[in-house]
Every structure is written in structure tokens, then in C-alpha cells.
Amino acid sequence: MPNAERIISVAEALCEATKVAMERDSKIYVIGEGVTDPKAIFETTRGLLDAFGPKRVIEMPVAENGLTGIAIGSAMMGRKPLMVHQRVDFAMLSLEQLFNNAAKAYYASNGKHSVPLVVRMIIGRGWGQGPAHSQSLESLFASIPGLKVVMPTTAYEAKGQLIAALEDGNPIMFLEHRWVHYVTGHVPTGYYTVPLTSRRVRDGNDVTIVATSYMLFEAMMAADFLAEANISAEIIDLAVLRPLDMTPIMDSVRKTGRLVTADTGFRTLGMGAELVAEVACRDMSCLLAPPVRVGLPDHPTPSSRSLAIGYYRTAIDVFDAAVTTCGVAPQTVATIRERLATKRNALPSDVPTPAFKGPF
Amino acid sequence: MSETMAPSFLVNDQLALFRSMLRIRLVEEAIATRYAEQEMRCPVHLSIGQEAVATGVCLALRPQDQIVSTHRSHAHYLAKGGDLNAMLAEIYGKETGCCGGRGGSMHLFDAAAGILASLPIVGSAIGIATGAALAFQQEGSDCVAVTFPGDASVEEGIFHESLNFAALMSLPVVYVIENNLYACFTGLEQRQPHRPLGDLALAHGLTAVTADGNDVEAIHAAAKDAIAKARDGGGPSVLVFNTYRWREHCGPNYDNNVGYRSEEEFQQWKARCPVESLQKKLMAEGQLSDQDLAAMTAEIEAEVTAAFQAAKAAPFPLAASAEERVYA
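For the protein sequence lines, the chains are A and B, in the order given.
As numbered in UniProt numbering, residues 1 to 360 make up the first sequence, in order.
As numbered in UniProt numbering, residues 1 to 328 make up the second sequence, in order.
No lab work stands behind these hints: they were computed from the structure.
Glycine included, every Cβ here is placed at the ideal spot set by N, Cα and C.
Treat the hints with care, since some could be wrong.
What the hints assert, rightly or not - Label-pair distances were calculated between CB atoms; the ranges are:
| no. | chain 1 | residue 1 | chain 2 | residue 2 | range |
| --- | --- | --- | --- | --- | --- |
| 1 | A | I309 | B | F185 | 36 to 44 Å |
| 2 | B | Q192 | A | K39 | 33 to 41 Å |
| 3 | A | G169 | B | G286 | 55 to 63 Å |
| 4 | A | P297 | B | V326 | 27 to 35 Å |
| 5 | B | K224 | A | D37 | 35 to 43 Å |
| 6 | B | E155 | A | D37 | 30 to 38 Å |
| 7 | B | E155 | A | F356 | 50 to 58 Å |
| 8 | A | T197 | B | A203 | 46 to 54 Å |
| 9 | A | G169 | B | A203 | 33 to 41 Å |
Work out the full structure, taking the sequences as your base and the hints as a guide.
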């Protein structure tokens, strides 16, 4: 294990994934607003221009729908574009092309034209990002057949999933939470893929927690404290929201009888709504108690940290959700919850790490 | 890919242009006639009156060159050499349709003929065609991409976004603005200020050539120049051709009585029929006799009749197959 001690961030892992994939496949090109600029999309495109030149690393005019159409057209002709948006919110200008063309070309051509396109979109959070720089719109993309939706979590997964996405041959919406970029972990050098599937990250018997993106880490923290309360949580990282593979979730809920969903999107019509509906529709009898969805409240993201502090869901919410669905009296776990709250609230509320100094 | 031009008529460009327009006209009229049978159960946007633009441009292209069409795709598809059988079968919703019944009239494509896609959302094709040109450039190919934005497409942001990028990158793409004066029932003067459409190209640093959209020879000459320029690395161009849709926006009927345009306006354009104009000219020049025309018409009608018969006889796709091929 020569690379066992090699620890890098998700942002660095994504950059590395892009480099090794581009080295292997000359059809891949990167295009986006800022991919060659000094900030390098939060370091995720650092060095690509020097390594591959302006024909394969294209600084994009500020024209999201047109350039998405251009990327799709090139993909239909066999190229492999990797498009990058600094915020998901900008990518909404490109929904016509993504929904009508990327998602439907393979189907409408009866399998003749595929669209090997990867669109990286970053979900903002913190430092006052506000209403239109912090939306977590994965369920919007995941509602469209023909698109695939991937949300990476760890550095190892992020690198392997991005390479797998570039190999996949379908239009893939690759949604990266801004705070996930700061997550560090062991990442091997070189080329490897991680299959585009969900994965069980913690075994347990009492409750299944299905988490996406940054909420996976909140769920992991919650699970440690739930264990102290004798609640054994099984955690599934729902890395792929579409196509949605319910098999591992059904297997887990049949074992635990209880379901908590924790995602970065809105609770109403969010991914959790779909998961709860699918579990209930497929096998109501496996549920011993009503599931609980942990998601964002029904209002836009406020900018001020004093307003945003109650907006985002944390490990404490996941803990409470599990306690509720497990039918445990809150007062019996109050002390444990208090310790979790102390630990969680010690973390800064509006920056991913204490080292983060803004501005975006 | 079916034969667009029978060998006997490949005598010169003019006869080939004429035959292509006549064939489009006869196919479209056959669709209009048979539409009432209620077996073509999808929207059809007929190209009758607009045959010259599709023909003049597509006959200047090579099979490997790619076009991306719109909701009004029949003429572009046929002129570029798309398979007539696959087109009609698609409109009938049959398994043998070019999309296997998944797209209908507005999604015609023929990979072998260089028809990448037809896309019904206004402006949507412009980005796709520009992307095909980007692919050609990246591959070092000398192929050219062409798309046919209507007069309404230039109102969409994607038109300007695409022209900006094509000019910036000097992409081998030709934007053929096929101006038929109406967006559904809404006239151009209600939607745009008075300014030449070609000026939009100038704003993006491109050249624009404007020609009579019912004069197939003028169109063909302008298209040849623009395509040769793109093929030689000279970058993108805009062509503007004013023409006229004879029938309703969508469907087989005339609609001069519903109030958005006049019978008089229609008759003025009809008097300038692109097919008839060239026919008269060829006959006057002695290039086409009554006998030639009768033979050509009979040959095309036989082809069209056979294609309708094949489309009607073809099986429908199995309902269960609707869920297949969502992902590659």
C-alpha cells in the first residue's frame, strides 16, 4: 500500500480525476466559466490548461444554455465534454438543453446517439451565499429520465466516481457540495473508477439512514452518538440519485424496520420524499414506524448567518429523527444529545472549516 | 439512405435542385392528403412553399456534413438524403421509423445521411449544430455543420450565444435563417423591430448573405460559398433567406381564413412558387421537357406511394419497449 498515507481533499481529488481521465482519453475536454482563471473552480481545475492546452480546456463565454447545447452536440458526435458550473444556480439557464436534448437524445434516436456528457455543478453553502447561490437542486435533475445524478462524498469516491462518470456514456449531473470539497481522505494516485452506485457505509440494525452529499457526514456524526444511546444506525450513502437503485435501501429497511432520510435539498418534494414513497409503496409492512425526512425548510436560503443558522440541518437533526422513528423517549437520551449538540455546535456554522476566510 | 436524385436527372445542378424540390413538394402534399385518414397521429409541420431553402443548402453538402433541423424538418431531411421510408414510418409511429416511433415528425434523423437530429424547441438545434462543428474542429475534420433557425429562433438567447462562440472559435458552421415571416400565428413585425436579420450576424462579427428564399439557385450559390468557407477553415457564416409557409403552422390545411394573414399575401407568395419558378426556367431553357417532367413526377410518385404503403404495413413497436434505451 504505497499510497496508504496519501491524504488529499475532495477538490484535489476531482482535479486529479480530471487529469488522469484526460490523459487516458483524448476525446475528453473541459469547458466552463472560470476553468482557466486564477481561482481554478476552487482548485478543481488547477493546472489543466498548462497540461492540456486551450483546445481541451476551454474558458467558456457566459452563455450556459448555448454552451450546454454545444457540449451536447459535440457529445452526440463522439466527443466527451466535462462542463463545470461554479454554482448549480447558473446551470438552471441550461435546463432546456439538458432536459430536452441531453436526457432524450439516446431515447429519441432509439439508441443511435448517446450523450457522453458530465456536468459538474457546485452547491454553495455558507459565507452568506444567499438565495440564488446555494440551492441544492439534485431532485430537479433526478426527476428527469435519461439523466444520471451523482453526488460524491469522500475524496476516494469523488475521484473514482468522476472518472466513472467520464467513462459512462450518459449525461451525468455531478453535484458537488461546496463543503464536501474540503473533506479529506486517502486517495490513490493514477486511474481508477468507483462504480456509480449507492454504498453502505455503516452497518446497523435499528434504523436505516439514507444520506446524500454533505449530509452523509452529519449522519455519520449522529450515528456515533446514536450508538451511545443503544440505537444502531445503518447508513447508506446515496451517491447516485438517478437511476435510483432501491434494492440496497429495501434490503436495509427490511432489516431495520425504520427509515430516516437526510439530504441537502428541500424536504418538500426532495429526494427524501421519493425514498419514503418508494419504500412505503414497495413494502409498507417492512416499516415499524413512520419514516422521518431531514431536509431544508420551505423558504429560500437567507444570507445572514444569523438567519441561516436555523436553516441547515445537522447531525443533531439526524439524531432526533432516528430517536423519533425508533420510538425512544427523548428524555432518556437527553444527555447524549446534549454532548452531540456541544460537539456539533462547536463547529463554525457558516464556513466549511475554521480556515475558510471567504469570499466564496 | 435513399437516393435523393435518380441518376438520369443528375445531369446538372439545376435539374438536381428541381427534382429535390419537386420530391419534397410531392411528399408533403401526400402527407397533407392522407392526414385526414387519422393514421398519422402526430403533429406535422409541412414545408410546402419552403422547398428551395432546404434544397439549395443541402445539395451543397456532403453526406458526412451534419445538419440539425427543427420542428419543420421534412424538407431538410429529404433534401439531405434522409430515408423516405424511415421518415414516413416514423410519422405513422411504426417500428421501422427512423426513431422507432419514439420521436415522430419533429425528431427526424438519419445518421447515415448526416442528419444529426431534428429538435422541436425553437432555437434548441442551434447549439447542437454548433457543437457538431466544435467536434469537427477538435477532430481535425473538414466537415461542416448546418442548422436552419427560423425567424423566431433569432429571438432566442441561444442563437446569440451560439454565434458568439462560433465566431470566437472560428467553427465550421453555417446558420441558415429560414425566415417564413411567422412564428405560429404571430408576424415578424409584431415580434421584432425593423432591422435586417443579417445585421444580427454582423453584431457577432460574422458575415451574412441575404438572398431570395424562393430562388433555389441563388440559395445554392450562397450556400456553396458559405460551406466552402467553413470547410476551408474560414469560420462560420449566416445566410438569410426569406420564404413563405403555404399551409398552417402545424397540420395539413390552409389557414388564410383564420385572421392572422391574408389570402392576398398568400397568393403573392404562391405566384412565386419555388418549384414552379425553376420548372418554367428549365423548360424555357430547353433543359426540361413535358415528357421529362411527367417521367420525373411519375418516378417520385411511385416512390412516395411505395413508401406510404410500407409505412402503413409496418408493425408498431411493442408497448413494453417504451421503457427501453433510456440509458446507453
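Hint check:
1. Under the hint 36 to 44 Å, the C-beta atoms of I309 (chain A) and F185 (chain B), about 53 Å apart, miss the expected range.
2. A hinted range of 33 to 41 Å holds for the C-beta pair Q192 (chain B) and K39 (chain A), which are about 39 Å apart.
3. G169 (chain A) and G286 (chain B) have their C-beta atoms about 56 Å apart, which keeps the hinted 55 to 63 Å range intact.
4. Evaluation of the 27 to 35 Å hint for P297 (chain A) and V326 (chain B) yields a pass: the beta carbon distance comes to about 33 Å.
5. In this structure the supplied range 35 to 43 Å holds for K224 (chain B) paired with D37 (chain A), their Cβ-Cβ distance being about 41 Å.
6. In this structure, E155 (chain B) and D37 (chain A) meet the distance hint of 30 to 38 Å, their C-beta atoms being roughly 32 Å apart.
7. Separation of E155 (chain B) from F356 (chain A) is about 43 Å and departs from the stated range, judged on CB atoms against 50 to 58 Å.
8. The given range of 46 to 54 Å is respected by T197 (chain A) and A203 (chain B), whose C-beta atoms sit roughly 49 Å from each other.
9. Checked against the given bound of 33 to 41 Å, the beta carbons of G169 (chain A) and A203 (chain B), roughly 38 Å apart, stay inside it.
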